[in-house]
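**Student:** Sequence:
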Amino acid sequence: MSSLINLRKFVTPEIIFGVGARKLVSKYVQQFSDSKVLLVTDRGVTEAGWLTDIEQCFQEFNIAYHVYSDVTPNPRDDEVMKGAEIYKRENCDVIVALGGGSPMDCAKGIGIAATNNLHILNFEGVDQIKVPVPPLIFIPTTAGTSADVSQFCIISDQNALVKIAIVSKAIVPDVALIDPETTTTMDKYLTACTGMDALVHAVEAFVSKGNGVLTDSYALEAIKLVYENLPELIIDQNNIELREKIMLASMKAGLAFSNASLGAVHAMAHSLGGFLDLAHGECNAMLLDHVINYNYNSTPERFKTIAETIGVKTRGMNSKEIQKELMNKVTNLKKHVGIKHQLASKGVKFSDIPSLSTKSLKDACLLTNPKSAKQRDIEVIFEEAM
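Positions in the sequence shown are counted from 1; adding 73 to them yields our numbering.
Don't read these hints as lab results, they were simulated from the structure. In this text, all values refer to a predicted model and were calculated from it rather than measured experimentally. There could be a bad hint or two in this list.
As the list claims (entries may be wrong) - Below are the DSS-like pairs computed for lysine-lysine, each with C-alpha atoms no more than 30 Å apart in a straight line:
hint : residue 1 : residue 2
1    : 413       : 402
2    : 386       : 297
3    : 261       : 413
4    : 261       : 82
5    : 161       : 203
6    : 447       : 393
7    : 419       : 402
8    : 82        : 297
9    : 242       : 297
10   : 444       : 413
11   : 155       : 203
12   : 297       : 155
13   : 96        : 109
14   : 297       : 413
15   : 161       : 96
16   : 447       : 435
Please model the complete structure; the sequences and the hints are all you need to start from.
**Tutor:** So this is what it looks like as structure tokens:
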């Protein structure tokens with residue numbers, strides 16, 4: 074049995090990557106659908122013109138569809154359940170998600186709830202989905218969340234004011250149509266936040282307890298792509314080649330964390346984002362360097378590799394010096410892309426920290442953090458990020 078300990082699974086959708094990939098949506102819908110598509114999106118994507126773009130693809134091939142766009146940032150459990158009812162009422166058999174992490178996570182939740190006939194909050198945790206979900210075809214319009222390639226679904230519990238994590242290979246999309254052109258309508262700050270989200274995915278995947286040979290290369294490639302290209306993209310937002318590199322980083326980071334899982338940054342960001350309805354990528358960015366500081370000594374060789382990947386010349390440096398230089402690189406990157414907030418400026422109070430920490434400890438992402446954490450450990454990280 075000991076020979077099986079290091080076995081690793083690797084799940085991935087069928088991926089089409091490149092400018093124009095979104096235009097293949099009708100081809101894939103026709104492979105899966107005999108009746109009607111539920112197209113899940115949000116108002117921002119609609120206003121940016123991408124919904125019309127995809128509707129034209131459907132109309133060209135006479136594909137029946139129903140648009141569900143009542144999705145807010147940090148998709149809520151009630152929005153998922155409303156979408157599930159519409160999916161069943163409209164006799165849909167395929168779900169297409171068009172948007173960032175919110176429409177994609179909502180689409181996953183709709184698929185889960187519609188076929189399993191239970192409230193979405195019943196599926197929190199790992200491998201709780203018993204009945205397969207409908208075919209999922211995802212078109213991401215941001216470069217960072219990686220919901221288009223991952224087995225994660227994050228939903229906001231509106232009663233508990235926390236985000237729950239649903240993890241299952243049953244919700245890995247069947248097809249990901251990853252088109253860098255769809256990210257050209259993001260503003261500068263959203264570009265920065267989603268790019269940092271991709272970086273956090275890659276860092277946490279590389280140091281995760283679930284890391285392995287199948288995920289390490291994807292994680293390191295994503296880290297390098299974000300570090301070398303995101304600051305330049307913030308300056309030159311219309312550069313499609315830079316957009317493509319960050320989109321590629323998001324994809325690679327997603328494949329890494331989907332299979333290696335995540336850690337304390339995400340456990341804490343889910344608690345924080347659910348409590349104050351903050352943007353997920355921004356939460357991750359505000360916490361990243363503080364969690365690195367906490368985790369560093371648990372796996373210094375892995376953090377050394379990350380440091381070298383982003384240009385730290387580690388020869389002759391001791392572990393403390395490498396840690397300090399890595400922290401400087403991360404904090405300077407945040408500043409260069411315009412993420413300068415701390416938790417207090419976003420409305421977090423010191424009195425909120427015990428509750429936020431309790432919720433973080435219950436998050437599935439904390440299971441694979443490289444260093445175990447107790448309540449006070451998480452509280453101290455939150456305090457340092459204030």
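**Student:** If a hint holds in the structure, say so; if it does not, say that too.
**Tutor:** Evaluation of the provided hints:
1. 413 - 402: Judged against 30 Å, a Cα distance of about 14 Å means the pair holds.
2. 386 - 297: Given pair residue 386, residue 297 holds - Cα atoms ~15 Å apart, limit 30 Å.
3. 261 - 413: Holds, at about 14 Å.
4. 261 - 82: Not OK: residue 261 and residue 82 at ~36 Å, beyond 30 Å, violated.
5. 161 - 203: Holds, at about 18 Å.
6. 447 - 393: holds, 24 Å
7. 419 - 402: holds, 23 Å
8. 82 - 297: holds, 24 Å
9. 242 - 297: holds, 27 Å
10. 444 - 413: It holds: about 27 Å lies between the C-alpha atoms, which stays within 30 Å.
11. 155 - 203: Holds: residue 155 and residue 203 sit about 21 Å apart, inside 30 Å.
12. 297 - 155: Measuring from Cα to Cα gives roughly 40 Å; hence the hint is violated.
13. 96 - 109: holds, 18 Å
14. 297 - 413: With Cα atoms ~22 Å apart, residue 297 and residue 413 stay inside 30 Å; holds.
15. 161 - 96: holds, 27 Å
16. 447 - 435: It holds: about 11 Å lies between the C-alpha atoms, which stays within 30 Å.
When the structure is compared with the earlier hints, violations turn up for hints 4 and 12 and for no others.
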